[in-house]
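Asker: Okay, here's what each chain looks like letter by letter:
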Amino acid sequence: MSKLLIVDDEIDIREFARNYFKKRGIQVFTASGGSEALDILKEERPDLILLDVRMEEMTGVEFLQKMRGEGDPTKVIMVSGIEDEETINQARSLGIIGFIHKPLVLEELQKIVMKELKQGA
Amino acid sequence: MGSFAAVDFVPNYGFDLYPMGFLFMIAFTGMTFYSVIKYRLMNVSLVITRTSIFVAVYSLILGIPYAFAIGCQEWLRMHFGELWWLSPMVLLTVMATAGPFIYLAIQRRAEEKLFQDQRRYQSTLRQASTGMGRIKDMDKLLDMIVRVVTRSVRIEHSFIYLSDRKSKEYKLEASRFRNERTDVPQTIASDSRVLKALKKIRAPIVFSEVQQRAQDFKDLKLQELEEQMSALHAELIVPCFIDEKLIAVMVMGKKVSGELYSQDDLAVFMILSNQAGLAIENAQFYKDMRATHEQLFRAEKMATIGIMADGLSHQINNRLHALGFIAGDALDTIQLNKKLKMTDEVKEMMVDIEHALTRIQENVSQGGEVVRGLLKYSRKSDEQFGEVELDELIDEAVTMAQFKIKTGEMSIVRDFEPGLPKIHGNFTQLQEVFFNMIDNAYDAMMQRKSDLKEEGYEPRITIKAERSRMGSMRIVLEDNGIGIRAEDQEKIFTPFFTTKLSSKKGTGLGLYVIQKLIEENHKGKVFYKSEYGKGTRVYITLPTVEGLDQDMIQSVERQA
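Taken in sequence, the protein lines are chains A and B.
The numbering of the first sequence is the working numbering, which starts it at 1 and goes up by one.
The numbering of the second sequence is the working numbering, which starts it at 1 and goes up by one.
Don't read these hints as lab results, they were simulated from the structure.
Careful: at least some of the hints might be erroneous.
If you want the ones that stay clear, here's a sample from chain A, every Cβ over 12 Å from chain B, calculated [to be verified]:
hint, residue
1, S35
2, G81
3, V105
Below, in silico cross-link-like pairs of lysine-lysine (DSBU-like), each with a Cα-Cα straight-line distance of 35 Å or less [what the hints assert, rightly or not]:
hint, chain 1, residue 1, chain 2, residue 2
4, B, K406, B, K347
5, B, K136, B, K255
6, B, K341, A, K111
7, B, K199, B, K218
8, B, K464, B, K449
9, A, K23, B, K491
10, B, K341, A, K22
11, B, K453, B, K491
12, B, K287, B, K200
13, B, K341, A, K115
14, B, K168, B, K140
15, A, K23, B, K338
16, B, K339, A, K22
17, B, K339, A, K3
18, B, K168, B, K199
19, B, K166, B, K196
20, A, K118, B, K339
21, B, K347, A, K118
22, A, K118, B, K341
23, B, K287, B, K255
24, B, K464, B, K406
25, B, K339, A, K23
26, A, K23, B, K347
27, A, K118, B, K338
28, A, K115, B, K347
29, A, K3, B, K341
30, A, K115, B, K338
31, B, K339, A, K111
32, A, K22, B, K347
33, A, K3, B, K338
34, B, K338, A, K22
35, A, K111, B, K347
Where a beta carbon is used, it is the ideal one built from N, C-alpha and C, also for glycine.
Hey, can you work out the whole structure from these sequences and the hints?
Answerer: In structure tokens form, the structure reads like this:
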């Protein structure tokens, strides 16, 4: 079973995204912040991470720096609002699959996620 | 005067000119009187009044003792003998001493009577002068001046012309008529004789004097001045100076009584005009300050919106994002469970809910577009600047517009010469600018078509362009659409302001974005002129590649 980690400080996103992907036979883990996510990352070794850029405790880019710093190569898709070029370039240099922009229709997110998980499997 | 009077002494030097010496005297006196009356060297009615009082008072002072002496001589001789003349003499002395006091008292009374009206309005004007400085509203101030002058001086009419900073003309700003209105020129040309004369003499000009002198001296300039004053229906023109600048001209008609303006009047009018000048400058300053304040306020609002837009849009985006997920997941649940057994009623209900959720998702996407549109240009664009050709730009913008509007319903005329310099800009952003303007023009023209239903109306956009200064190009985009209502003109560059009906889905961001792209990103200029029911003209100035070297030199110089 594929494992997906959703890192977002919005409870609604975590809840509904988990529901949605569970229905497709994916094991979903959620974290409301960076440090929680780092723990899950070590314990569960997910195949893909959906990472929000703007979070209170630790920004998406900071989280990415930490995990790459620990040598974790897990695939990451960044979910962003409207970010400036600098953030995008920084994230790209840390190795991500891509950026997707909010607001996003679930169906489209699903296509991208499924494609990545299939490749990984 | 003394030299004229000296002719009286001619016979004393042995020249017996009799009766010529005497005639010289008569001629001299006559000339003096003539000039006094004609050029109003003195206030004639005042002179006459004073003279009459003087004559009357002194005839009595001297006459009574004499009459007493002659009439009562017999009676006095009987009582006082040889010293009978002593008592008339005493009487004469007493009366002569009292004379000046009597004279002054009578004179004061008479003058009060004579100048009652004049004194009254002069004091009214003085009072008005002091109150003027407190009026900040220009229209109210000018209106008050003409009203007070017309009413208190009792003249046929009065007008005020103000100097126009742009055209250098003087424009009619306030007028007041006692009886019927007459046609008054709306402006006084900057090179007119009236203005030249006022600037030269810096004092009031009286029409009847000008008329008289023009006749006497046959002077063409004076005749021209006379004609211009008569066109202005001016009996009196008073200038208003602030420092060296003639800021206003007060034009006054004839007095209703038919009297001429006296020197006293002119002096009062000069005080009034000085005060009015200060008050006008005050009001002008206040008006300018308010405009600047409004501008600052707008700029500040923009800046605040810019800062807020960033934070707000993330918030809104997150809400929209969550909303999309919620709707999407619910929609997904329905779609996955369609094959479950359910009654027809439940099935029908599911279809309705599915439809509702789909609509929510669509609205989320549209909301996202609005936020993105706002934020796209509030950030500094890193996109490349390069050479942009106007023709190509218009082609691309029209192509873009075809997806949204029916470009076949209007004609787009390109009215510019080939060989214009290339624009220095970002193609995508400028394409957005032109697309937006064509889109707006189209909407305005369709609005006119449906609102005014004119026969033979042909929607047309004309695009003109020319090199303006070194290194920049002026582009004018003109449409014959419905135009912008006067009350909306202030607001059209404000974000989220839209006049378009909600069915047409104006986001209210089009012109805001255009302004940002042109003025901030391209360092150009955009403004417009519009008349409701006629059309709109948008003026855009953009830098050309020709100006680049120039800019570089300047920035190097600035750094050095």
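Asker: Now, for every hint given, state plainly whether the structure supports it.
Answerer: Hint by hint, here is what the structure shows:
1. S35: 21 Å, holds
2. G81: 4 Å, violated
3. V105: 6 Å, violated
4. B:K406 with B:K347: 41 Å, violated
5. B:K136 with B:K255: With Cα atoms ~30 Å apart, K136 of chain B and K255 of chain B stay inside 35 Å; holds.
6. B:K341 with A:K111: 28 Å, holds
7. B:K199 with B:K218: Holds, at about 22 Å.
8. B:K464 with B:K449: 24 Å, holds
9. A:K23 with B:K491: It is violated: about 51 Å lies between the C-alpha atoms, which goes past 35 Å.
10. B:K341 with A:K22: 22 Å, holds
11. B:K453 with B:K491: Holds, at roughly 27 Å.
12. B:K287 with B:K200: With Cα atoms ~30 Å apart, K287 of chain B and K200 of chain B stay inside 35 Å; holds.
13. B:K341 with A:K115: 32 Å, holds
14. B:K168 with B:K140: 23 Å, holds
15. A:K23 with B:K338: 14 Å, holds
16. B:K339 with A:K22: It holds: about 19 Å lies between the C-alpha atoms, which stays within 35 Å.
17. B:K339 with A:K3: 28 Å, holds
18. B:K168 with B:K199: 14 Å, holds
19. B:K166 with B:K196: 19 Å, holds
20. A:K118 with B:K339: 26 Å, holds
21. B:K347 with A:K118: The given pair, whose Cα atoms are some 34 Å apart, holds under the 35 Å limit.
22. A:K118 with B:K341: 32 Å, holds
23. B:K287 with B:K255: Holds, at about 34 Å.
24. B:K464 with B:K406: 22 Å, holds
25. B:K339 with A:K23: 15 Å, holds
26. A:K23 with B:K347: Measuring from Cα to Cα gives roughly 21 Å; hence the hint holds.
27. A:K118 with B:K338: 26 Å, holds
28. A:K115 with B:K347: 32 Å, holds
29. A:K3 with B:K341: Distance of about 32 Å is within 35 Å: holds.
30. A:K115 with B:K338: 25 Å, holds
31. B:K339 with A:K111: The hint holds at about 23 Å.
32. A:K22 with B:K347: 24 Å, holds
33. A:K3 with B:K338: Given that 35 Å is the threshold and the Cα spacing comes to 27 Å, the pair holds.
34. B:K338 with A:K22: 18 Å, holds
35. A:K111 with B:K347: 27 Å, holds
Figure legend: structure checked against the earlier numbered hints; hints not met, in rising order: 2, 3, 4 and 9.
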